[in-house]
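Visitor: Each chain, letter by letter, is given below.
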Amino acid sequence: MTDLPEMTQGNNEPASSTAVWTMSLVGVLAFIILYGVLYPGHPFPGLSDVLPLFSALGNSLVWFFIAGVIFGLGTLVAILIGESIAE
Amino acid sequence: MEVRTIFITYVVWLLFVRYLAGRGLGPFGSFARDMSSFMLGKGLGPAADLMEDRAGSGAKTWFAHGIFWFIIAATLTFLNIWSTYEPSALSSLGAIGYSPSAAQASAAVHVVTAFGALSMLLIAAGFAIQSGLCNGRMANEATTALLAFVWSAVVAAGFILAHTDLISNSSWFELPPIYYILLSILALPLFANHLLTMAQSDSPIMVPQWFIVMGFAAFIWLGPVAMILLSGENHTLSWLLVKVLFGGWLFSQALGIAHFVVPSTLGVPLWSRSLATLALFGTFLTFSPLGAEAVVPEMDTSMRAVVSVFLSLSLLPIIASVVNITKTASGRVMESYGVKFTMLGLILLLPITFGSLCASISAFGGSNELAHIAGTLDSLAIWGVIGMMVLGGIHLLFPQVSGRTLFSTRKTKFAFWLSTIGIIGYGSSQFIADYVNHALSSTEVSTALEDAGVVAADAGGVAVFAAMMFYGIVLSGIFVAQNMLQGSFRGTLLSDSSPVATGALATMTVTGSTSIRSLLAAGAGSDTVITIEGNSASSGRISIAEIKKLVNEVEEEVEEEVEVEVEEEVIEEPAVEIPANLSKLPKSELVAMARAIGVSDSGTKADIVERLESQPMY
Chain A
868 MTDLPEMTQG
878 NNEPASSTAV
888 WTMSLVGVLA
898 FIILYGVLYP
908 GHPFPGLSDV
918 LPLFSALGNS
928 LVWFFIAGVI
938 FGLGTLVAIL
948 IGESIAE
Chain B
573 MEVRTIFITY
583 VVWLLFVRYL
593 AGRGLGPFGS
603 FARDMSSFML
613 GKGLGPAADL
623 MEDRAGSGAK
633 TWFAHGIFWF
643 IIAATLTFLN
653 IWSTYEPSAL
663 SSLGAIGYSP
673 SAAQASAAVH
683 VVTAFGALSM
693 LLIAAGFAIQ
703 SGLCNGRMAN
713 EATTALLAFV
723 WSAVVAAGFI
733 LAHTDLISNS
743 SWFELPPIYY
753 ILLSILALPL
763 FANHLLTMAQ
773 SDSPIMVPQW
783 FIVMGFAAFI
793 WLGPVAMILL
803 SGENHTLSWL
813 LVKVLFGGWL
823 FSQALGIAHF
833 VVPSTLGVPL
843 WSRSLATLAL
853 FGTFLTFSPL
863 GAEAVVPEMD
873 TSMRAVVSVF
883 LSLSLLPIIA
893 SVVNITKTAS
903 GRVMESYGVK
913 FTMLGLILLL
923 PITFGSLCAS
933 ISAFGGSNEL
943 AHIAGTLDSL
953 AIWGVIGMMV
963 LGGIHLLFPQ
973 VSGRTLFSTR
983 KTKFAFWLST
993 IGIIGYGSSQ
1003 FIADYVNHAL
1013 SSTEVSTALE
1023 DAGVVAADAG
1033 GVAVFAAMMF
1043 YGIVLSGIFV
1053 AQNMLQGSFR
1063 GTLLSDSSPV
1073 ATGALATMTV
1083 TGSTSIRSLL
1093 AAGAGSDTVI
1103 TIEGNSASSG
1113 RISIAEIKKL
1123 VNEVEEEVEE
1133 EVEVEVEEEV
1143 IEEPAVEIPA
1153 NLSKLPKSEL
1163 VAMARAIGVS
1173 DSGTKADIVE
1183 RLESQPMY
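From first to last, the protein sequence lines are chains A and B. According to our numbering, the first sequence is numbered sequentially starting from 868. According to our numbering, the second sequence is numbered sequentially starting from 573.
FYI, nobody ran anything at the bench for these hints, they're computed from the structure. On a predicted model such as this, the values are computed, not experimentally measured, just so you know. All residues carry an ideal CB built from backbone N, CA and C; glycine is no exception. Watch out, some of these pointers could steer you wrong.
[As the list claims (entries may be wrong)] Computed, partial: chain A to chain B, Cβ under 10 Å:
no. : residue
1   : W888
2   : S915
3   : A923
4   : L928
5   : G939
6   : L947
[What the hints assert, rightly or not] In silico DMTMM-like links for lysine to aspartate or glutamate, alpha-carbon gap of 25 Å or less:
no. : chain 1 : residue 1 : chain 2 : residue 2
7   : B       : K983      : A       : D916
8   : B       : K1159     : B       : E1185
9   : B       : K1156     : B       : D1179
10  : B       : K983      : A       : E950
11  : B       : K1156     : B       : E1185
12  : B       : K1159     : B       : D1179
13  : B       : K985      : A       : E880
14  : B       : K1159     : B       : E1182
15  : B       : K985      : A       : E950
[To be verified] A few chain A residues that face chain B, going by a derived Cβ cut-off under 10 Å, partial list only:
no. : residue
16  : T885
17  : W930
18  : L943
Using the sequences and the hints, build the whole thing.
Guide: Here it is, written out as structure tokens:
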């Protein structure tokens, strides 16, 4: 008969990026729930509410998504410049 | 000219191209080849030297442009979906003069998606497939790469055109005919490049190559036929153009990719030759149900019946393709993300085709009962079917042309799941929104609600959820672009002859005598492999038997090298074994042993024993 150890414990850990993504998603979800509880019936704050610098853009949430695309394109440019300089 | 006659010209033109390509430019012979080679090369003058004429450089440039437009097109589509929920979301951009109407925004989305993102990526994949199946490169790479910039400029011009008064309330594809002619003219040298590459190759023409070449023929046909629209509005002709654009061009190219990616990735032949042939001919000789938004308001019954039959017959090649490729990948789908992307597109193809078929039949002179879901069906056909197959092609074909693997498997995995969840989430929620809005807009429902004093909530919340789901496609495009870009710099080299980022040529062929200075001036580097030609009677083409002989020789050389390495390893093993009880040995033996293993032999016997005992082999 095989003797099992008292506790089975592996040594693998999730990648940091996975942890960051998961925590970000949970954080966003928690914020949405909390906002709905604290300010029922109120629309979510737009980019201009969070950052007054962008007040001219209006209160639409779509600007958060557009900011994400701009950030993504920015990373592409950064990679291109960085790799070109590294070469 | 009647639409029936125009369709016959389409079929005749395709059969002509089939005949031409099947006989290596056939009756045109060497003259056509020489002329095409000249026009694609030296005919451009100094412009031909702007780009590198290296194997894969053409496809790589098209991939780079295509993935850029993919991100832009996906973002515009996302914004378009969001605008149905919140029309004033981007009203602040009016301050800088950007306030398109719904028709203009839709036209811009479709132009950038169809001609920018999908067309460019499909063209890139076509070049990669063609060079892979022929001589390892296209007949001309430099001009091909150069044309990617021109095509991008035309797409950008189309994006601007879509925001002008030319598109007021008309459909997105009713761009000025000159636009289609311009694209056709640009496609001509690409088409000639394909024909020339096939003519220069001894390999038999495979099904994916036929899809690519015939698709180009269909696309080129669009330009001259669009000229007829100049004589006035013609709904039937516009409908036919959309069907050829979707079925003859976009979908056929995507099928070409699918028929190549799955067998070549898994290393198995296509399951059925007859199904592949049926798919090939059926795709071009029937009306595609994709492109369900195209409407013909009035049509006589007999014509409706004929078109309905042609639309229904298109199910045959689609089902044949799905069955053939699914059987080819049977049980091995999980081995590659390129295959997974392709299979996702094929799985989505069947339900979208059935939906589009019903919508298309009712839109051709019927009552158009399914108009409210036609836009969603087209979006799903574009992004869910063709888009996924394109992404599958990128994951297999871009490493082939860049010579390096994609940078990160995790990013690939992430892009796949974002796309999958994004497209399924978008499709399901958008259908709900479409049906709810359609029901609420009907007179009976609105009257009943009014009588009951009930104000019904619209489907705005579902629409915004659909937009958020579609954002997954945008993110997927960004991750794929990052993966491609980083992979082309830091990915693992696929072979020693793969393109290098230093700018030096990987190989160079020299005829006759030359100097080192000339070689350097021509772009050679310290790692460039120089091949001398001109004194060998066997220069030029090589037979399969010779290739086999060469492969056998290379295998024998590799085996010999392995044997030599094994022998060297044996020699490198320590020749001296250190016995267990060193102190019992005489000092002379200890000195000899110390010298043999390379440690100091000075000092007393105890010192030498101590040094020997400290050795790792002891």
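Visitor: Each of the hints needs a verdict: does it hold here or not?
Guide: Checked hints:
no.: 1; hint: W888; result: holds (8 Å)
no.: 2; hint: S915; result: holds (9 Å)
no.: 3; hint: A923; result: holds (6 Å)
no.: 4; hint: L928; result: holds (8 Å)
no.: 5; hint: G939; result: holds (4 Å)
no.: 6; hint: L947; result: holds (6 Å)
no.: 7; hint: B:K983 x A:D916; result: violated (33 Å)
no.: 8; hint: B:K1159 x B:E1185; result: holds (14 Å)
no.: 9; hint: B:K1156 x B:D1179; result: holds (14 Å)
no.: 10; hint: B:K983 x A:E950; result: holds (18 Å)
no.: 11; hint: B:K1156 x B:E1185; result: holds (13 Å)
no.: 12; hint: B:K1159 x B:D1179; result: holds (11 Å)
no.: 13; hint: B:K985 x A:E880; result: holds (18 Å)
no.: 14; hint: B:K1159 x B:E1182; result: holds (13 Å)
no.: 15; hint: B:K985 x A:E950; result: holds (23 Å)
no.: 16; hint: T885; result: holds (8 Å)
no.: 17; hint: W930; result: holds (8 Å)
no.: 18; hint: L943; result: holds (6 Å)
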